[in-house]
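K.L.:
With chain X's structure known, arrange chain C on it following the hints.
Number of protein chains: 2
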Amino acid sequence: MSSKRNVYLSMKPLAEARALFLDHFDFSHRLAAEEVSVAEAVGRILAEPVHARLSAPSYHGAAMDGIAVRAADTYGASDLEPVEFTLGKSAVHVNTGEPMPEGMNAVIMIEQVQALSDETVRIEAPAFPWQHVRRVGEDIVATEMLFPRHHRVGPYCTGALLAAGVHRVAVKRRPRVLIIPTGGEMVQASDLDESDLAPGRIIESNSTVLGALVEQMGGVFVRHEGLRDDAETIAAVIGEASGNHDLVLVIGGSSAGARDFTKMAIERAGGEVLVHGVTIMPGKPTLLAAVRDHPVVGIPGYPVSAIIAFEELVAPALELMQGVRGEARPTVLAAPTRKIASKLGMEEFVRVRLGKVGERLVANPLPRGAGTVTSITRADGIVRVPADLEGLHPDREVAVELLRPLAEIERNIVVVGSHDLCLDVLADLLKEEQTGLSLSSSHVGSLAGIMAIRNGLCHLAGSHLLDPDDGSYNTTDVARYLADVPVRLINLVTREQGLMIVKGNPGAIGGFEDLTRDGVTFINRQGGSGTRVLLDYELAKRGIPAGDISGYETEEFTHMAVAVAVMSGAADAGLGIRSAARALDLDFLPVTSERYDLIIPEEFVDTPAM
Amino acid sequence: MSSKRNVYLSMKPLAEARALFLDHFDFSHRLAAEEVSVAEAVGRILAEPVHARLSAPSYHGAAMDGIAVRAADTYGASDLEPVEFTLGKSAVHVNTGEPMPEGMNAVIMIEQVQALSDETVRIEAPAFPWQHVRRVGEDIVATEMLFPRHHRVGPYCTGALLAAGVHRVAVKRRPRVLIIPTGGEMVQASDLDESDLAPGRIIESNSTVLGALVEQMGGVFVRHEGLRDDAETIAAVIGEASGNHDLVLVIGGSSAGARDFTKMAIERAGGEVLVHGVTIMPGKPTLLAAVRDHPVVGIPGYPVSAIIAFEELVAPALELMQGVRGEARPTVLAAPTRKIASKLGMEEFVRVRLGKVGERLVANPLPRGAGTVTSITRADGIVRVPADLEGLHPDREVAVELLRPLAEIERNIVVVGSHDLCLDVLADLLKEEQTGLSLSSSHVGSLAGIMAIRNGLCHLAGSHLLDPDDGSYNTTDVARYLADVPVRLINLVTREQGLMIVKGNPGAIGGFEDLTRDGVTFINRQGGSGTRVLLDYELAKRGIPAGDISGYETEEFTHMAVAVAVMSGAADAGLGIRSAARALDLDFLPVTSERYDLIIPEEFVDTPAM
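Sequence order for the protein chains is X and C.
Residue 339 in our numbering is what sits at position 339 of the first sequence, and the numbering runs on without skipping anything.
Residue 516 in our numbering is what sits at position 516 of the second sequence, and the numbering runs on without skipping anything.
If you're looking for bench data, these hints aren't it; they were derived computationally from the structure.
Heads up, a few of these hints could be off.
Chain C side only, calculated, beta carbon under 10 Å to chain X, not exhaustive [what the hints assert, rightly or not]: (1) Ala160; (2) Thr435; (3) Thr558; (4) Val564.
For each residue, glycine too, the CB sits at the ideal point set by N, CA and C.
For reference, chain X alone in the conformation it holds in the complex (with noise of 0.2 Å):
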């Protein structure tokens, strides 16, 4: 069987990768220039230098209101001498940005002008040559250079072309990205309508991200409709098209597997393939190719891969081609939560979130899958674990490449600890209110959360750890573990904690006891949570060992999780609270009220944020 897979004849690193790809097309002449208007002009690339077409100001203009005169007729005014002038002879009426009169060098404000008649006017102090005049080529010499190529059009380069009298410029041409969806399972998100997805179909959603990037770096794209599995057609349109873009991604079929067509497929085009295989995580089933001398670049199906795919390999060829270099993200150093582990020859991408807590700014790992969309969406910055390195140390400090400002970053409040829905809409509510801030949530448990303030890693936790000898919730843990840090305990809200059940209870479940039937399987929740330590009192308290429960051992890390597996049929029953429940429309057996705190150290209760 191992026949069916084909195998990556030899993977690349990274910056070699690079290298081959740019190197072996030109991609530096690859756009002619084209004619816009200035307006148009606004965020594309100067194709050639551009000169001064006018000078500005044009003309030597009045500063000032007041009136216009030959300095030289000025000399020795003074309050005992004063000098006066005869108007629309010696002196002649100039308000702001008049051209100066014939002769005249110099203008005197009015409110140093003393009016005698219709006629004359006198002064007590002296002019100097130029004085409140604007001279011809101030601001703007005739011919000279306004900017040079590749320069960057912005919003205020306007100004000075159009004073320049230059009002259309050479731009270079935005480069064309043709993006072909593969994968016979994808489905586009818009058919969807109120229907739901079939099991083993996929909603395409990368040629989307992908078309956005292309734009955000100045190119246009079009998206070709999406194609079955199947070498034949996707060689026919990469022939036909790669001569018509400037670069054409194949989304998907770009790995190693038996159902992988892109190389096939490039290869029936005639084309070459210069690397298969990254060695990049994620991304290393990414593939790059010459059609004829076109750039066609095999991009892998995973959401996550197929963004760094782009960033990486895709996006410098685009920068080359418009002459623009890319600014690398700038960096920060933060200490991560926890140990990162990485593989050894793979250059790793971990996406992470961050938060100032105290003086120290705390990178928090996200999901590594390459398919956890959410794990870049919600990032705010990037680790790069290089190939030969095993993982990062929480001892040591590392640098985050930033997706967003750090001003926006430290005004993130990380909470860490257990989940409630009150938790979006206090987020929510921040936005909505313009305050800036940003709530960031991780979703580790109770105990987690607890753990987290110890360490200084978050600014607030969320708990419902419940004591069973005493009935209290959060105290007994709080004492336990926050000795030596003094914190304020604030109640967010009291909820109901039950067993999620199937819609319509098919099991005919009634209660804890119902959970050891043969045929009913539980699913749990991890060690450490709220919701695990009242399971564990609540099963206690019946006598029902837990080993009786088929299930127990599967375990999951919030409630929404524990309700999908529900849902889903993967188990029958789970226990969580009533909001997860209703938001999936499942049944409800009611357990207990519990009580939801934050658990805020007390270094944090008085800061603006909160």
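P.N.:
Just chain C now, with coordinates in the frame of chain X:
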């Protein structure tokens, strides 16, 4: 005559003016929501929180190519006790992404499966539950909040939205801005064609600059045709338009002069002036008003004033409307290259060029005039001088708000001194070669360049200082002023200096002797410039007293400025280089050939930039 002038009734400090304006209108509730596709939503602001419609993945799917099994069936498998499966019954072939067959909860990678026959396979290790399975909701759980309101949709976000089955979202409508240029002297650059600008006519550029800034902030704009200076007409347009736009900007006429009609027009339109005059420079003549509860802003006509007024007063309103908080520009500390004087009581926005010279970031102030648009297009940053300071001293670092990324600024090569057109060619070549480097040059004359090197304010200086005693160039002054700074002299060009004379030489100027004739006006260069040294040398050689030359005391700072003075008729002749005369089509009487060198401190000679 002073009765012709209106006055600012009460000028306000910036913060107060801004608060008066922002608080007067309910900006945050001004924009309704509109529904757009996810692709169209990129760059837009969510009007509501968005929740997932579907889970992602929406089904339990294989995360590897291999066989799907029940994990429980594999327990105990080892190389000594392998377990066999029957394909199609206890095991099913799956490819990555395919749904898990009913009842199966683990995938074994194809590499770890031995094929015994077409029907039977064998494994030698157990699988744990959900091994190599992407479970429902692993990425996104249906109903969960994906993004809070007021979140700006980026390219990545489209991936999460589509994966969650969301293909249309409610975003804030784009703010609509009407831009009305006023002033009878205004001309459209596109109307110029090949004809030049008549004296007194000004190219209207502000509406293009402000329109581009509006678009950059997510708004749309309509440019009204230019209006003459007539309060009645302006009032009619404002009155009709203000209800259909979220903001109206009236450019020009916002000051308190005799021909400034914006205030009058707003009052005739039934509006209320909230603020007239803001204590900022540039930008003082800004006017903030409400016309029937609609915001109208009078924008000053000078280009830099218009930009500052927009960014400080209009931009915050656009942000508030859209529910986003504008990030303050990042700031750095830099040492001013000279004293920055400033008017007490006015908050001044000084544009500066920045460069990293050695370990120090230096800030070189650009011209201060509000009319000098190149002072902002050439700027790397802005220094705000508070109203209660009279200026900033070079011995104290100042905070500079960055207009470009710091990494880019740190690649500026700072050139101070005499100018040669070769420097522009060099600047363009640096961009053509995509070196990432920029040339940042200040033209202050040769000697000032040498002083800048002595004070550590530049990377290199252009110089052509003649030693009249031995006819050598630069070496004498370098020895005199740079005794402590090891430098290298690199000859960039040998060029011709001569008298630039009005085309056709109507004054029949044949040499320096003719400069003393009645009716002949000379235009000089500033002391310390190489050209001034040359002039004084040539005059001395001929025994011509400087005092006999009319215009000897009128100084310009560049060759091109001298050429412009001659071209515009302000002077009959000036001394300068042939290329300047050629650029403006002047006659040229050669005087001498001179050496133009680059002076480079040894410490920079071997840097990659050089």
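K.L.:
Now tell me, hint by hint, if it's right for this structure.
P.N.:
Hint check results:
Interface restraint check for Ala160(C): the shortest CB-CB distance to chain X comes to about 5 Å, inside 10 Å, so the restraint holds. For the restraint placing Thr435(C) at the interface with chain X, the shortest Cβ-Cβ distance is roughly 8 Å, inside the 10 Å limit, so the hint holds. The interface hint given for Thr558(C) is met, as the beta carbon of that residue sits about 8 Å from the closest beta carbon of chain X, less than 10 Å. Taking 10 Å as the C-beta cut-off, the interface hint given for Val564(C) holds, the closest approach to chain X being about 4 Å.
Going through the hint list in order, the structure satisfies each hint without exception.
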